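Chemist: Here is how the chains run, residue by residue.
2 protein chains.
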Amino acid sequence: MIKVVFFDLDDTLVDTSRLAEMARRNAIENMVRHGLPVDFDTAYQELLELISEYGSNFSRHFDYLLRRLDLPSNPKWVAAGVIAYHNTKFAYLRTVKGVRRVLLDLQRAGYRLGIITDGDPIKQWEKILRLELDAYFDEVFISDYLGVKKPHRKIFEKALRKMKVEPREAVMVGDRLYSDIYGAKQVGMKTVWFRYGKYADRELEYLEYADSTVNSLDEILDIVRGLNLEEGEERSDKEVHAD
Amino acid sequence: MIKVVFFDLDDTLVDTSRLAEMARRNAIENMVRHGLPVDFDTAYQELLELISEYGSNFSRHFDYLLRRLDLPSNPKWVAAGVIAYHNTKFAYLRTVKGVRRVLLDLQRAGYRLGIITDGDPIKQWEKILRLELDAYFDEVFISDYLGVKKPHRKIFEKALRKMKVEPREAVMVGDRLYSDIYGAKQVGMKTVWFRYGKYADRELEYLEYADSTVNSLDEILDIVRGLNLEEGEERSDKEVHAD
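Sequences listed follow chains A and B, in order. Going by our numbering, the first residue of the first sequence is number 1, and it counts up by one from there. Going by our numbering, the first residue of the second sequence is number 1, and it counts up by one from there.
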């Protein structure tokens, strides 16, 4: 019997990639408006390259952008970027469509809920608290806080232990086939791939680890119920054979 | 003749201290609301002590607060503090009463304007751009960008050189008797002490370096005009004697 449903955070509960794209575009636009002597497309492409090299949690994106564009250091342009970036992030932080409904339905149906996510612990908690998602979840597991990252089996094992369930009593829902689906499957959890956002067509070599694939979170409750039914049938089958 | 008026930024143009106090109080309140097991006053006093030791630009205030309170590291509480702190700073950033009026009046009267401030360049530009103060000023001089801090004479000399005026053609307006008033006087500028905020009764041993003291920014235009009149009279006196 499934007792716990775990969710990934970024691009599963929170619409992170879309927000990040808006924030980056607005940042470049505001830098150009405040005198950055480069056209929007050139600067935006350079920023995307920089982020793919240094990662999205690098704290000096705009500083480095100027260096890459052979421009002198200029705190006014950097501030213009930072302001627009933060304003966008504050104003447009949203859950993925259907999140609150599915969480409420799962809770009402008696399942306990957890989050298993990578990323900076304080930034991840900022998203959870700003969106007031914390009330839905019994536990939140963040890799950078635990010292181990998805898909390493240890983060899933820690989560299962803390929630006091066996792997087969837990489902993992996430948008990444590698970190979420392959990771959870390794330890014996049930897996639901949420085909959404920029990973919708990536890491398909791990597709075999997904027990189910959904295009909308609305489907989750039925799938979890389905898993319980299947198990019930298997058990009945065994009982029949045992007769 | 006075040609340029320089202003300090924090607690002269921008109501920084009051904002910081509100932001810190709201941060602690939100941390307590999210489970910080300490009463408001204890945590707030500890935060103030920490800030006085590590400075207000230290980036790990809330982390260190937990350590000082003998509490385990907890990214949820830190995030609660960060959220409330930033929300307050975004929502309540204000100019000091009368700022826009005096800047406009000085501009109309033909004076050029500059900012000479200490602090992190990006954070200072963030305040300037968020409040849309940049349009009033010809130049902004920020110590951490120039590598020299008020009251060092070099920052004032750099500013005078860039604005192409002699020291006696410039006035410095600021809330700190030591960094603003003593600093500017050293190089021969005229000085107006704005007695405001937490420095209103501090560093009084430097009071002799203030040519004038004001309790409201509304008085600045008259004072600058007065300085020009005095100089005019001195010149007439000399002319009379020369006859």
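Please note that a few of the clues may not be correct.
Treat identical chains as interchangeable: a pair holds within one or across any two.
Think about it this way: if two alpha-carbon atoms lie no more than 25 Å apart in a straight line, the pair counts; the simulated DMTMM-like pairs of lysine to aspartate or glutamate are [unchecked claim]:
(1) K158 / D63
(2) K149 / E219
(3) K158 / E139
(4) K89 / D63
(5) K89 / D120
(6) K149 / D63
(7) K158 / E53
(8) K162 / D70
(9) K123 / E21
(10) K97 / E29
(11) K149 / E46
(12) K198 / D120
(13) K89 / E219
Calculated from the structure, these hints are not laboratory results. Please read these numbers as outputs of a predicted model, since none were measured by experiment.
Chemist: Hint by hint, say whether it matches the structure.
Modeler: Evaluation of the provided hints:
In this assembly of identical chains, the alpha carbons of K158 and D63 lie at most 25 Å apart only when taken from different copies (24 Å versus 38 Å within one copy). Taking the shortest Cα distances, K149 and E219 never come within 25 Å of each other, neither inside one copy (27 Å) nor across copies (60 Å). Only within a single protomer do K158 and E139 lie at most 25 Å apart by alpha-carbon distance; the minimum there is 11 Å, versus 56 Å between protomers. Taking CA atoms no more than 25 Å apart as the test, K89 paired with D63 passes in both settings, with 19 Å inside one copy and 23 Å between copies.
In this assembly of identical chains, K89 and D120 lie within 25 Å of each other by CA distance both inside one copy and across copies; the values are 16 Å within and 22 Å between. Only between protomers do K149 and D63 lie at most 25 Å apart by alpha-carbon distance; the minimum there is 22 Å, versus 28 Å within a single protomer. Taking identical chains as interchangeable, the C-alpha atoms of K158 and E53 are never at most 25 Å apart, the minima being 31 Å within one chain and 38 Å between chains. Taking the shortest alpha-carbon separations for K162 and D70, only the inter-copy value of 24 Å comes in at or below 25 Å, while the best intra-copy value is 51 Å.
Taking CA atoms no more than 25 Å apart as the test, K123 paired with E21 passes in both settings, with 17 Å inside one copy and 23 Å between copies. For a Cα distance limit of 25 Å, the shortest separation of K97 from E29 qualifies neither inside one copy, at 28 Å, nor across copies, at 31 Å. Within a single copy, K149 and E46 get their C-alpha atoms no closer than 29 Å, and across copies no closer than 34 Å, so neither meets the 25 Å cut-off. For the identical chains of this complex, K198 and D120 are intra-copy neighbours only, at 20 Å inside a copy versus 36 Å across copies, given an alpha-carbon limit of 25 Å.
Neither within a single protomer nor between protomers do K89 and E219 lie at most 25 Å apart by alpha-carbon distance, with minima of 28 Å and 41 Å respectively.
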